[in-house]
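Protein chains in written order, with my numbering: chain X, 1 to 731; chain C, 1001 to 1259.
Honestly, the hints are just simulated from the structure, not real lab data. Among these hints, one or two may not hold up.
[Stated by the list, open to error] Derived, one-sided and incomplete: chain C residues facing chain X with beta-carbon distance under 7 Å:
| # | residue |
| --- | --- |
| 1 | P1021 |
| 2 | G1022 |
| 3 | N1024 |
| 4 | D1028 |
| 5 | F1063 |
| 6 | G1066 |
| 7 | R1070 |
| 8 | R1086 |
| 9 | F1122 |
| 10 | V1123 |
| 11 | W1126 |
| 12 | R1149 |
| 13 | P1151 |
| 14 | A1153 |
| 15 | L1223 |
Beta carbons: idealized from backbone N, C-alpha and C, even for Gly.
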Amino acid sequence: MSQAESLAVQRAGLTEHEYALICESLGRAPNPLELGMFGVLWSEHCSYKHSRSLLRRFPTEGPQVLQGPGENAGAVDIGDGLAAVMKIESHNHPSAVEPFQGAATGVGGILRDIFAMGARPIALMDALCFGAPDAPRTPYLTGGVVAGIAFYGNCVGVPTVGGSMFFDQHYNGNPLVNVLCLGIASSDHIVRAKAQGAHNRVLLVGSATGRDGIAGASFASVELSEANEEKRPAVQVGNPFLGKLVLEACLEALGQPGVIAVQDLGAAGLTGAATEVAAHGGSGIDIDIAKVSRRESGMSPYEVMLSESQERMLFVVEPAGEAQLLSLFQRWGLRADTIGEVTDDGLVRVRDGDDVVAELPAEFLSEGAPRYQGAAFLQPAGPPVADEPPFEAPSDLGDVLRRLIANPNLCSRRPVFEQYDHMVQINTVVPPGDGAAVLRVKGTSKGLVLGLGLNPRVCALDPWTGGAVAVAEACRNVVCGGGRPIALTDCLNFGDPERPEVWWALVGAIEGIRDACLALDVPIISGNVSLYNESEGEPILPTPIVGALGLIDNIERHAAALVEAGDMLWLVGPPEGWLAGSEYAAAIHGWSGLVSPRIDLDMERRVQACVRELIATGAVRRATDVADGGLAVTLAELALESNIGIRCDTDWMSAPRPDISLFGEAPSRIIIAAAVENSTHIEAAAHRWNTPLVQLGSAAGREISFGSLLSVPLESLQGPWLRALDELLKG
Amino acid sequence: MVKFGATSAEVQVNYGVIVFPGSNCERDAVHVLTQVMGQRADLVWHEMTDLSAFDCLVLPGGFAHGDYLRAGAIARFSPVMESVRRFAADGGLVLGICNGFQVLVEAGMLPGAMLQNASLRFVCRWVHLRVDSLATPFTAGLSESSVLRLPVAHHEGSYFLDPPTLAELEAHGQIVVRYCDERGVLAPEANPNGSTGSVAGVCNLSGNVFGLMPHPERCAEPLLGGTDGRLIFESVERWAAERGARIGAAPARNPLVPS
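All chains, please: the whole structure from these sequences, using the hints.
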């Protein structure tokens, strides 16, 4: 290979081995445009070449599943002739370089995935990870991402109903922006992206094509470096107004006769959309880029084919339906160009007027990327037997609670959630703030619950547990909202898979996710993998993020009411937690531990089943997952939200030191608040499900207290809890 | 709270909900007006000009024409707006909610101007409103100084009036609702956007055009956390009942109406 050739291959993001494979299969060398097309479609972002074999391990089937992984999004049947369509996707690298547009286009992209399935998007959620609160770029990145999400979601009229935010130094140069979208479709009108029928027309709809986001998929598949700033042209620019018009027009168009397939233009732009619809449909496609409306003159075929300009959709329609479709888009004020047609020769043929500028086999371009295994990595020699915290329990535990409640990982999310329109579409029954968002389904008595789960610190200690607890937490949040988990979507955010320890963590996390899915009997219906999340030579914490969807049969029966004076508070699940991996140990003592907490998946299943049953019978006023910060912080949050004190006993504590009981973390724990008269009912349910049950105390007064260990007035917590995030955003 | 004796069952109000490109609360308005209030409501595309079938027009929330330039600045040029102006001049009721209020202000159908929120941020939360005027059909059924709880969701909702205009509007009973605390007291912390005089909604001199930043359609069902929004629609129904609104007149269907 000549030096120039070698450089071109490298620029396209391909290896010499991949290039050789391409030349061998084509029987010739690809031209520069073709090389660029292989570069984006064989990028990790599009081809999943490192993860695809692992993802096959996920359980993806169930009687409710209408569409599993592989389409624009997954879909499940929720009865009443309706389907819920869901997917989570990352937009990490663009957000690291340009947080506002990176996050905004992340929202726009996932919305298109959902309405491309024929579903109206009804809710958005975000899982965000940023660097240490005091890192120089954290306020800028956090503020920019939040504003970008608000900019796009608010304008397009899809409520942002919740999300999570996690701050840790390992994300200093590489924040994570994962956006989840939920849509509703008629269950017999799920649209798929399969181009079929020779001579059917191919329409490009929406925004004109510009020079933004050229080869963004390849950019998303390499580590970030100091030279990030030069990558700004690889970041797309969002136009939510146009996105809204495209959304409404597409949903209307999908009801028209003759529409065969729809595909959004996301990663890899026109190259990706054209190739995927052809390959999925077992067809070929012939397009003329001279017919593509441009935002600027002088664009080369390479730029047109690799642009990731936003708000564009590809339609395949029978010739008889073409005119009607074009006039529909015209009414919405949208550009729609007929750029080609479906063929039966299995080739992606790109013309520029009369010249054929690229001609490649669709199947090979879409699916031909080699599959890689990461390097073998042996787990470091057997875990240490003891994992004693190298610090004493502090004497002033009330002071610890005051510091934790103002910690950016634990404080109120209100300053952020208030910037999102979380009510538009008038389905939001439980607003953001708690672990789960509850939405009604208009025209039925049902509700849908969305919950997220992630625990990167635990995942760093033990990948299998990190994967399993992400699934368990997402489902637990859904259960606390009153829902029965019916489907999951996952986003796997990891570093460079060629690093042995990253590969090991990826494999372990995937196995943990699979085992938890099997134990809790929930399938994964869609997902996304984001690798090469590194900066300054270090990978991020391994961060599998799971979104869970739950179904509530009777929307009146959710458990998100405020705690009332006199209510009893109970803990369902194991009473004691661990300090290793806890926010308390990390934030107060700078210690992350060596051995991860354990998760007993059967205990998890029983705890969730018990609480779900209690909520369904109306015995519980409020249920909440015991998450970061442990019991004390969870109870303090409950008290602050409900504006009533909580008095707890300490006689149930069995840990050797009080900070474990108060701030230790463990999976499978749910706090419930209920009227006193439901006590017998609650005890009977816990007994039947064989779950530990502790009566913690009751709601009264104006303090949060644990016997003589700790007593803190709510008034002293309120301000710091509410203001901490605002202070961080101000820098 | 309601003063009139008529019940809503006796009247059917024909609402027309205007849809600009970029509106995003039009379906919410139609859902509440039809499914909750039991009235008739049709979507009206912004290029339509015949509004004769309607008793009350609703300009819904959203980002009409992307709110480019300023909120509502382009929407005022939509073809439907000339008809909306004539409709109001003939005494028809016009309700502007959030972006709809911004459009009515830009169109000169209501006084004042909209600025960005004092926080320079979008704000979505519940607020309390004090009813300061019953001189419009939209509040005629309420009691003076009653306190309502409604949500706001906007970025450009700081309503500005110069002092003489504020005094003039106060004198004419055109200040309809103000942000207040839960006891009805005006306070800076209860004003979500820095509006002049805590003003949340105003009407024109004749009272038939009313615009407000909060969203009554978002709080008309107990499941969603409040029902005070219903009071405004009920007030319209009672006003219409008193005047014998056209009952059962079938509005022209248009291509945007979901079948």
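| Hints the structure fails to honour | Violated: hints 7, 8, 11 and 12.
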